[in-house]
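**Q** Sequential numbering of the sequence shown, starting at 1, is according to the working numbering.
These are calculated hints, taken from the structure and not from any lab test. Glycine is no exception: its CB is placed at the ideal position from the N, C-alpha and C atoms. Warning: the hint list may mix true and false statements.
Below 30 angstroms or equal to it, Euclidean Cα-Cα: the simulated DSS-like pairs (lysine-lysine) are [claimed, not checked]:
#, residue 1, residue 2
1, 18, 48
2, 113, 48
3, 95, 113
4, 97, 113
5, 95, 18
Estimated spans, in silico, between C-beta atoms of each pair [what the hints assert, rightly or not]:
#, residue 1, residue 2, range
6, 99, 5, 33 to 41 angstroms
7, 51, 107, 23 to 31 angstroms
8, 89, 7, 35 to 43 angstroms
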Amino acid sequence: MVAEVDGDWTAIWYLGVKGWFRNPASAPTARPVAGRRRVITASGESAKTYGRCYPEPEAYADPADVQPVSPLIYSIPAGQAYVVTDESPVTDYYKAKTFSLDTPNDHVDIVGKDRYYQISLGHRLAYVRAAEVRLG
Numbered sequence: 001m002v003a004e005v006d007g008d009w010t011a012i013w014y015l016g017v018k019g020w021f022r023n024p025a026s027a028p029t030a031r032p033v034a035g036r037r038r039v040i041t042a043s044g045e046s047a048k049t050y051g052r053c054y055p056e057p058e059a060y061a062d063p064a065d066v067q068p069v070s071p072l073i074y075s076i077p078a079g080q081a082y083v084v085t086d087e088s089p090v091t092d093y094y095k096a097k098t099f100s101l102d103t104p105n106d107h108v109d110i111v112g113k114d115r116y117y118q119i120s121l122g123h124r125l126a127y128v129r130a131a132e133v134r135l136g
């Protein structure tokens, strides 16, 4: 997402700071992406980022199965925008005690209600909770 343009230089948001690169109109190094792209911005002072998006603890029948979701060290401060690469990651956790089709009761998919958006963050995939951002 373009953060700023200054002459032949373009800045994008990269891990919370502006990353500048030379991008002259006569010989551009970046090209616009075709089609409509949606972006997210923090709905408050900042939004946490996550490396995975598992269901909320209340979705698990067995508390021992709860998968913790810890934020990454990066957050999205107010005023920054990041491109959404997937608007509908479903929070689920697939638990299988065995790999045998003879025991189908050992396989369960725990689906949560919490929603996330997948974004591109520092050339990696990351997730943000839909409740912490605005989708534009």
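**Q** All hints, please: hold or fail.
**A** Verification of the supplied hints:
The straight-line distance between the Cα atoms of residue 18 and residue 48 is roughly 18 angstroms, inside the 30 angstroms bound, and the hint therefore holds. This hinted pair checks out: residue 113 and residue 48 have alpha carbons roughly 18 angstroms apart, not beyond 30 angstroms. Distance hint between residue 95 and residue 113 is fulfilled; the C-alpha atoms sit about 17 angstroms from each other, no more than 30 angstroms. For the given pair, residue 97 sits about 24 angstroms from residue 113 by alpha-carbon distance, which is consistent with the 30 angstroms threshold.
Proposed proximity of residue 95 and residue 18 is contradicted: the alpha carbons are some 40 angstroms apart, above 30 angstroms. The hinted range of 33 to 41 angstroms is not satisfied by residue 99 and residue 5, whose Cβ atoms lie roughly 53 angstroms apart. Taking the beta carbon of each, residue 51 and residue 107 are about 25 angstroms apart, inside 23 to 31 angstroms as hinted. Look at residue 89 against residue 7: about 38 angstroms separates their beta carbons, and that is inside 35 to 43 angstroms.
In this structure, the earlier hints numbered 5 and 6 are contradicted, and the remaining ones agree with it.
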